[in-house]
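Trainee: So you can see what is in the structure, the chains are spelled out below.
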Amino acid sequence: MTAAGRGAELAIETHGLSKRFGHQLAVDGVNLSVPSGSVFGFLGPNGSGKTTTIRMMLGLAGATAGSVSVLGLEMPDRFHEVLPRVGALVEGPAFYPFLSGEANLRRLDAADPHASSSTRRARVGTALERVGLTHAAGKKVRAYSLGMKQRLGIANALLSPRELLVLDEPTNGLDPQGTREVRSLVRSLAADGATVFVSSHLLAEVEQICTHAAVMSAGRLVAQGTLAELRDAGKARIRLVTPDAGLAEGVFARLGMTPAGGLNNGTLVYSASGGETNGPVRDDVAPEAVVAAMVAAGVRVRGFAVEQGSLEDRFVALTGEGFDIAQ
Amino acid sequence: MPNRDVAKEGAAGKAAPVEVREAAGSSAAESPATGPIDGMQPGNGWSLLASELSVLFRRRRTWAMLLALAAVPVLMAVAVRASSSVPPGRGPAFLDRITQNGLFVGVTALLVCVPLFLPLTVGVVAGDTIAGEAGLGTLRYLLVAPAGRVRLLLVKYAGAAVFCIVGPLVVALAGAGIGSALFPVGPVTLLSGDVIAPGEALVRLVLVAAYLTVSLLGLSAVGMFLSTLTDVPVGAMAATIVASVVSQVLGELPQLEWLHPWLFTHYWFGFADLLRQPVAWDSFGSNALLQAGYIAVFGALAYGRFVTKDILS
Ligand SMILES: Nc1ncnc2c1ncn2[C@@H]1O[C@H](COP(=O)(O)OP(=O)(O)OP(=O)(O)O)[C@@H](O)[C@H]1O
Ligand SMILES: [Mg+2]
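As you go down the protein sequences, you meet chains W and D in turn.
The numbering of the first sequence is the numbering used here, which starts it at 98 and goes up by one.
The numbering of the second sequence is the numbering used here, which starts it at 80 and goes up by one.
Since the hints were derived computationally from the structure, they do not count as laboratory data.
Do not rely on the hints blindly, as some may be mistaken.
Only some residues are given here: those of chain W computed to face chain D with a beta carbon under 10 Å [claimed, not checked]:
no. : residue
1   : PHE176
2   : VAL183
3   : ALA200
4   : ALA208
Simulated crosslink set (EDC-like; lysine to aspartate or glutamate; CA at most 20 Å straight-line) [said to hold, decoys possible]:
no. : chain 1 : residue 1 : chain 2 : residue 2
5   : W       : LYS237    : W       : GLU266
6   : W       : LYS246    : W       : GLU266
7   : W       : LYS236    : W       : GLU226
8   : W       : LYS237    : W       : GLU226
9   : D       : LYS388    : D       : ASP310
10  : W       : LYS246    : W       : ASP272
11  : D       : LYS388    : W       : ASP174
12  : D       : LYS388    : W       : GLU226
13  : D       : LYS388    : W       : GLU171
Even glycine gets a Cβ: it sits at the ideal position worked out from N, Cα and C.
Take the sequences, apply the hints, and build the full model.
Mentor: This is how it looks when you write it as structure tokens:
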């Protein structure tokens, strides 16, 4: 963990970060804490302020109020110390269409005064190889597909050794192989000690790669923490398949568990083959004790499972069911 | 890494971990694997300028503009050559002298290009500096690299300035080339009546091109400032070209006599002094001073605008 070695416990920290566009508060008092070495998922519906927050972190846009520090240093004041250690993909890739993929990377690498020009060719080649673009390196970016541009954007973030990667929707437009590749890339970066900050809509993806996450809604930060905290482990459920639903409910009640019922909302679901009963798990009651109690009470247990709350349920609970953009 | 990652790997079991291709054979310093950057040797601060020039001069658009500029003397020389005679005193100044001495093609073509063609091409390059990058979206990646806003602005201006050198030079040299191909070349009679050798005449021609380079530097600064105001490069280009036309029109109005010395186009046609013996440097000096003033003022405006600008493109 190189970042920790530099005395930064938090790779990114914001305090009351706000951004106003005209009358609209696009980002509203956000207090983010991204631990060093974490893979941090930054979630939120369209227009919730993710990209705007990222722009402020990288010193592209000034904050209306609040502060950001990245790798322990205040942004945007210390950008020349911070940004060479940060690789970024912001709001999709952008390149010169009239240059080849390789020439584009050389150009952006030349913009970094800390990047050695003698190793430039090798570093560009390695970055291209890492995203599987070696064979398209000489092709004009004009002729790249969406996913190829996205891969090139990720290659740009990997040009130099980085302590922090800020990736805004890195798998947008990628094919399944590309998505898998990005996932394993993120894991390998994290294994090397880098902090990875990924914004995404793809909850399944975040569940697979992230250790921590935060959820934005209409410019506000509505939740953040480890993935387990967010999934709300306390609200794990028991799913019981039995034809003796009435008896089972009695046992649950005696164990101090209320039937959470149905799929999510407190009703029991009976299938043709018998009943299914859901009950929330209590920390002090072990699942095997529940089964034992059921059997002792004469409940015919045909299926039993402990289910974690899904991130999607939590996300929808936090950001609302509505499809319309908030503001 | 903490164990939670291992747990994560297990939980994500259905996505079989794909081996990341390692940088086989490359040294640790070259591998983009994360680690402290302290071990890297510092890069060359001039890389960005070199890159800027290579991007500018690799663009087909730049080549098209330079070819168009070169076409002016060529067309002019061919037209004069094809017609039997040019009545003295008609057409651009010096046009009637072309047939006697091919080196005059260069000067005549520069004179023709001053009011519109040169400002047009410089307007395109200067207007594109910041707005072009913003329009492509590459501005945010340059700044995150981090290019540094002041450094980027300086490099962009330097790029435009190099174009200001190349543009007039292309016209002058294309003119001298086509002129010596189609017409006789000999000693040149200057405006003061003195006669100089062809070699020295070529030096004078380059001097005139340099005068125009200086003339266009103020316009470049104006263009770069306009370019920081928008994310639409065509808008900044058009505004820069309009600025040069407006300045020339204002310079024609006798009612605005007091304003004339302050217009950046005021000395644009003053290069005739370089065609005397001895060379009269007065207009060159006044022009340089005026252009330096424009560079200072519009450079400061561009700086003020760009360092505080939110990059939202
Ligand atoms: N340049 C701008 N001018 C005015 N408003 C803007 C600008 N950029 C973004 N906004 C507003 O700020 C809000 C947040 O936008 P932002 O791009 O940060 O959302 P996001 O979370 O990244 O969304 P998405 O998931 O679609 O990428 C939106 O309501 C948007 O309309
Ligand atoms: Mg976004």
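Trainee: Determine for every hint whether it applies to the structure shown.
Mentor: Evaluated hints:
1. PHE176: It holds, given that the least Cβ distance between PHE176 of chain W and chain D is near 6 Å, below 10 Å.
2. VAL183: Holds. Min distance 7 Å.
3. ALA200: Holds, about 8 Å.
4. ALA208: Because about 4 Å separates ALA208 of chain W from the closest Cβ in chain D, which is inside the 10 Å limit, the hint holds.
5. W:LYS237 with W:GLU266: Between LYS237 of chain W and GLU266 of chain W the Cα gap is close to 24 Å, so the pair fails against 20 Å, i.e. violated.
6. W:LYS246 with W:GLU266: With Cα atoms ~13 Å apart, LYS246 of chain W and GLU266 of chain W stay inside 20 Å; holds.
7. W:LYS236 with W:GLU226: 15 Å, holds
8. W:LYS237 with W:GLU226: 17 Å, holds
9. D:LYS388 with D:ASP310: It holds: about 11 Å lies between the C-alpha atoms, which stays within 20 Å.
10. W:LYS246 with W:ASP272: 12 Å, holds
11. D:LYS388 with W:ASP174: Between LYS388 of chain D and ASP174 of chain W the Cα gap is close to 14 Å, so the pair holds against 20 Å.
12. D:LYS388 with W:GLU226: 35 Å, violated
13. D:LYS388 with W:GLU171: 19 Å, holds
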